[in-house]
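Visitor: Read off the chains here:
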Amino acid sequence: MKKSKAFLGYSILALVIYAVVQGMIMGGMIDSYYQNILVTMCINIMLAVSLHIVIGVTGQFSIGHAGFMAVGAYFSAIATMEFGLPFSIAIVIGAIAAGLAGLLVGIPTLRLKGDYLAIATLGFAEIIRIVFVNVDYVGGAAGMAVNQMSNWTYAYLGVIVTILVISNFTNSRHGRGCISVREDEIAADAMGINTTYYKVVAFTIGAIFAGVAGSIFAHNFFIIQPTTFNFLKSFDILILVVLGGLGSLSGSVIAAVFITFISAYLANFTETRMIIYSLVLILVMLYRPTGLMGTKEITQMLKFGKKGGSNV
Amino acid sequence: MLKVNNIDVFYGNIHALKGVSLEVNEGEIVTLIGANGAGKSTLLKTLSGLLKPKSGDITYQTKQIGGKPAQSIVKSGISQVPEGRRVFANMSVEENLELGAYLRKDRDGIKKDLANVFELFPRLNERRKQQSGTLSGGEQQMLAMGRALMAKPKLLLLDEPSMGLAPLIVKQIFEIIRMVNSQGTTVLLVEQNANMALSIADRAYVIETGKIVLSGTAKELQESEKVKEAYLGGV
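In the order they appear, the protein sequences are chains X and A. For the first sequence, position 79 (counting from the first letter as 1) is numbered 79 according to the UniProt record's numbering, and the numbering increases by one without interruption. For the second sequence, position 25 (counting from the first letter as 1) is numbered 25 according to the UniProt record's numbering, and the numbering increases by one without interruption.
Excised from the complex, chain X in its bound form (with noise of 0.2 Å):
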């Protein structure tokens, strides 16, 4: 009853937000300007949650992440202005095509652990990007021409389901599996569960999101090119991970919306830019080591319905 009653809330909640957003570009006070922002702080969004089921949930420490967006941007791109797919159906294509490089990936180097698994995911993501390079079909180092049919409400949809899909297989019996090899990994073997299989699925729902995020990406800027996805693509992702804090959903939400709306501001000092940016990031880890939200979740705080997530 209870967990029902938090859900309609948050389904209004959602949809209050889309209506006051959607409302405010039709009437004209959010220019294209601010609508690009919007879009990409929820392109963001996606990648930053998508991660967090990767690191924060079942703690292995991917720093490949873009090379699963890379995946989800050419893909879907090549649906659309290869095949000539409806934009809807290329985003399907993309997240398949990324998830199933997820899958491909995470098999063999799920097995390694710590600093090992960081340098194979980065290493795999190089490979995806070289690749793409080297394909004449995609335009190689040159990049991919590509319609823009992103917007806000693509864009937002695409960051609803990825909430709504990663925050409930937190919350579920599998969930918890993936939190417990986390937590002790020899210790979840020893209760019977299968950590293998856990990482591996958390892995590939992460990269199938990071293709949807991709997938919107492709659309947004006309134009898309290997370079985009490279290693520092991942650190940014990253980043966004640490600073809301490990193993926090609403964490990495917040993280994912402050440092867009940072970036878009400091657009105006390019000379600065760089400096500010990696000064807020040093600011906000001295004085909050844990990320801005640790590992607890806005639910918890505001007590918004149910009691808490339980998801740590």
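It should be emphasised that the hints constitute simulated quantities derived from the structure, not laboratory data. Just so you know, these numbers come straight off a predicted model, no measurement behind them. There could be a bad hint or two in this list.
Heads up, simulated DSSO-like pairs for lysine-lysine below, C-alpha to C-alpha not over 30 Å straight-line [stated by the list, open to error]:
no., chain 1, residue 1, chain 2, residue 2
1, A, K68, X, K113
2, A, K54, X, K296
3, X, K113, A, K226
4, X, K296, A, K75
5, X, K113, A, K75
6, A, K226, A, K211
7, X, K113, A, K54
8, A, K75, X, K5
A few chain A residues facing chain X, derived, Cβ under 10 Å [to be verified]:
no., residue
9, S48
10, Y102
11, L157
12, L168
To spell it out: a stretch of chain A is covered by chain X in this simulated footprint if at least three of its residues, at any positions, have a beta carbon under 8 Å from a beta carbon of chain X; those stretches are [stated by the list, open to error]:
no., stretch
13, 67 to 73
14, 81 to 91
Backbone N, C-alpha and C define an ideal beta-carbon position, used for all residues, glycine too.
Fit chain A to the supplied structure of chain X, relying on the hints for placement.
Guide: Same frame as chain X, but now just chain A:
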């Protein structure tokens, strides 16, 4: 119930267990004692599926379990209390216990076993909502045991439950092991604290550098000159 026949286990090139054989009968407490690095934990890890034997076989009831994945071994009724407790530190006591019953589907049975665990360890009941990382070492050991019992094992593998605990707490823990055993769970206990272990065990094995060097009833071993000299602190 459990029969280990001539197994060899390697860590890379290191030959950790050399042709180890042992047997645990239903209802017994069997203890395996030995010094650091003798291969005690290696043997337990092999039994619970965390390591795979290179040769030899492990028979549990009538099934072959050597080299099977951990989750299928837990399902068949063997559960392990890992060395050093390894509770899920950021989860509450209750959540830890629930995870112990991860592979079970019978909600009523789980509820009953939870009550049983709280009866065995009243301390855990007092702290059921507390984060388990904040428990004392003894309480964490109790939690680790409770968690393993939640899987409703027929055979419980205990890896050094006395590690790092005060003598009084060790005594309590061993008392509980005996209680668990009397409720029908067979126990294989790995220990360095040979005195304590032999005092509650039915039979015992002594392992040295990867080989079983002695075996017999607990009483026999308690009186054996060799064991006295090596593990019980002189004659």
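Visitor: Against this structure, judge whether each hint is valid.
Guide: Cross-check of the supplied hints:
1. Taken as a hint, the K68/A and K113/X pair is honoured in the structure, with Cα atoms around 22 Å apart against an allowance of 30 Å.
2. Simply put, K54/A and K296/X have alpha-carbon atoms about 45 Å apart, too far for the 30 Å limit, and the pair is violated.
3. Among the hinted pairs, K113/X with K226/A is inconsistent with the structure: their alpha-carbon atoms are about 42 Å apart, more than 30 Å.
4. Distance restraint check for K296/X and K75/A: the Cα-Cα separation of roughly 33 Å exceeds the 30 Å cut-off, and the hinted pair is therefore not satisfied.
5. Distance restraint check for K113/X and K75/A: the Cα-Cα separation of roughly 26 Å lies within the 30 Å cut-off, and the hinted pair is therefore satisfied.
6. Annotation: proposed proximity of K226/A to K211/A holds, straight-line Cα distance about 15 Å (limit 30 Å).
7. Pair hint K113/X plus K54/A holds up; C-alpha atoms about 23 Å apart against a cutoff of 30 Å.
8. For the proposed pair K75/A and K5/X, the alpha carbon gap of about 37 Å is over 30 Å, so the pair is violated.
9. Hint status for S48/A relative to chain X: holds, with the closest Cβ pair at about 6 Å, below 10 Å.
10. A distance limit of 10 Å between C-beta atoms decides the matter here; for Y102/A the minimum to chain X is near 5 Å, and the interface restraint holds.
11. A hinted interface residue such as L157/A counts as satisfied when its beta carbon comes closer than 10 Å to some beta carbon of chain X; here the least separation is about 9 Å, so the hint holds.
12. A distance limit of 10 Å between C-beta atoms decides the matter here; for L168/A the minimum to chain X is near 26 Å, and the interface restraint is violated.
13. Restraint check on the stretch 67 to 73 of chain A versus chain X: 4 residues with Cβ-Cβ distances below 8 Å, three needed, restraint holds.
14. Taking a C-beta to C-beta cut-off of 8 Å, the stretch 81 to 91 of chain A contributes 8 residues in contact with chain X, enough for the three needed, and the coverage statement holds.
Checked against the numbered hints listed earlier, the structure breaks hints 2, 3, 4, 8, 12; every other hint is satisfied.
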